[in-house]
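Undergrad: Starting from the structure of chain A, add chain B where the hints point.
Protein chains: 2
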Amino acid sequence: MGYRSNSFASNLRRKNSNIIGVIVPRLNSSFMSDVIAGIEKVVNNNNYNLIISQSLETMKKEASNARAMLNNRVDGLLVSLAYDTTSIEHFEPFIKRKIPVLFFDRIFEHEQYPQIYIDNFKAAYEVTDHLLTQGCKRIVHITGNQLRNVYAERLRGYKKALEAHHVDFDEQLVIINDLSAKEAVAATEAILKMDPLPDGIFTVNDVSAVSCIQVLKKAGIKIPEQIAVAGFNNDPAACVIEPNLTTVNYKGYEMGEAAASMLINHLADRQDLQQTHSLILRSELIVRESSRRK
Amino acid sequence: MGYRSNSFASNLRRKNSNIIGVIVPRLNSSFMSDVIAGIEKVVNNNNYNLIISQSLETMKKEASNARAMLNNRVDGLLVSLAYDTTSIEHFEPFIKRKIPVLFFDRIFEHEQYPQIYIDNFKAAYEVTDHLLTQGCKRIVHITGNQLRNVYAERLRGYKKALEAHHVDFDEQLVIINDLSAKEAVAATEAILKMDPLPDGIFTVNDVSAVSCIQVLKKAGIKIPEQIAVAGFNNDPAACVIEPNLTTVNYKGYEMGEAAASMLINHLADRQDLQQTHSLILRSELIVRESSRRK
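Those sequence lines, one after another, are chains A and B. Just so you know, we're using the UniProt record's numbering here: the first sequence kicks off at 1 and counts up by one. Just so you know, we're using the UniProt record's numbering here: the second sequence kicks off at 1 and counts up by one.
One or more hints might be untrue.
Treat identical chains as interchangeable: a pair holds within one or across any two.
Unchecked claim - No more than 30 Å apart at the CA atoms, straight line, and that leaves these computed lysine-lysine pairs for DSSO-like: (1) Lys41 <-> Lys96; (2) Lys182 <-> Lys41; (3) Lys294 <-> Lys193; (4) Lys217 <-> Lys251.
By construction, these hints were calculated from the structure, which means they are not laboratory data.
Chain A extracted, bound-state conformation (with noise of 0.2 Å):
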């Protein structure tokens, strides 16, 4: 094997693999392929490489994850954590190896770990906010596991929106499930049964806005005249789905970008982890026409 050149071991002197591990939820996620695109075009152009991973949404395969990760060397680790993670113990074999572990996205309030995330919260005050402001009253929000900050600080924006126009919030319009399309369809046949018709909704992720659009078209519901609905994510679809969908602008591909940056910065010691800790990236309100009463 002499002739090829063997950087693994020359890596095991030099006590550095220029390996990246990554570990997501999921792959197959518009948003989250953006992230991983993102990524691999940052590690990539800087010579590291990249090991790529998912949990399928259980803290079980989260950490067997991180444990093939810490196997396998890697310089530093980039999660997005499950949608059941409870702690994050399994993560802390690399902080006493002195490994960056940094979050995105799903993100663990914890001092010892940097993270890079959106303003959930005023992204959500602003969707809630718009939704007020075109007239609705009776706003349901469709959620995830409020386990995940994403999920918590959207729901706080939500309230926090309702309390600035004087709306008494009402715990029976919040829905939680695993926001799937599935589920999506089964929150807005419920919807459909409230008495009196909520006349908004605001979900957390664009797949769920899409399924409950189709579904409230097809029991004759206008939109955004009876429901105005607004989503989250600006997925491809949200330019696909008539009436347009009015979401959040939220730029996965940078966000895998300014993560892989991070990292790669603090590896070649240019950038100190523990100073920077938190980046918050920018995000946007756009307003379409599933919203737009006036």
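TA: Positioned in the frame of chain A, the structure of chain B alone reads:
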């Protein structure tokens, strides 16, 4: 470092790394993210690790990715070729070292490389035959670089179906572009200037078909009555666009699983890759409203 299982060091002794490499054109397409998710699941379940990279559609980057994979001592490589790859010399070092390289989807006919694909000729024949059966006589075909088997085979299928229906092939009706949404908009604007207008459009991906439908609708064209439209891949957007899109159900997740299984079985000496050589997966025409006239 003694207390951490040093798998790369022991891999060096065992002369394998338990790493599978993947090189794809782009990670952020709906089809490719499904493929990667399928590959990751099988690779992870078999205690291999997955290194991924994207060629960003250029042979130059693909060759550089291949060198990195070789230096990383991957046990095997899964490749879907870039848009402009004209030679696969950059994979020869793997063959010399008896490291299996398996092509999937965008393959290269070569006896030393096993391949996984769908019958693109048959799938395109069925789409075109369907459009002709619905009464279309002038069908525009929007396709990609004919260097790639997937697009060359689909053009062959299109031509063969025309022939079977005694419709003359008209080169003016074949548009070759990079298959982006942007190019599909430009292509559709050119189509709208054709005199007479075509009565059918068959695109080799759904991204293009969705853009075509959007532009045609804005121009007041009735789909499928005036122009019937069919795509390829069965992206989620196919069931969001109105009218819903006729397309070919191309199962990316299953292709990823099959490619990873084939490679891992070979590495475990359970399968002779040269003997299997080609695996042709099933695909199926799904007829929806965008082309259903009868």
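Undergrad: All hints, please: hold or fail.
TA: Going through the hints against the structure:
Taking the shortest Cα distances, Lys41 and Lys96 sit within 30 Å of each other both inside one copy (29 Å) and across copies (29 Å). For a Cα distance limit of 30 Å, the shortest separation of Lys182 from Lys41 across copies, 22 Å, qualifies, whereas the shortest one inside one copy, 33 Å, does not. In this assembly of identical chains, Lys294 and Lys193 lie within 30 Å of each other by CA distance solely inside one copy; the values are 27 Å within and 36 Å between copies. Taking the shortest Cα distances, Lys217 and Lys251 sit within 30 Å of each other both inside one copy (29 Å) and across copies (29 Å).
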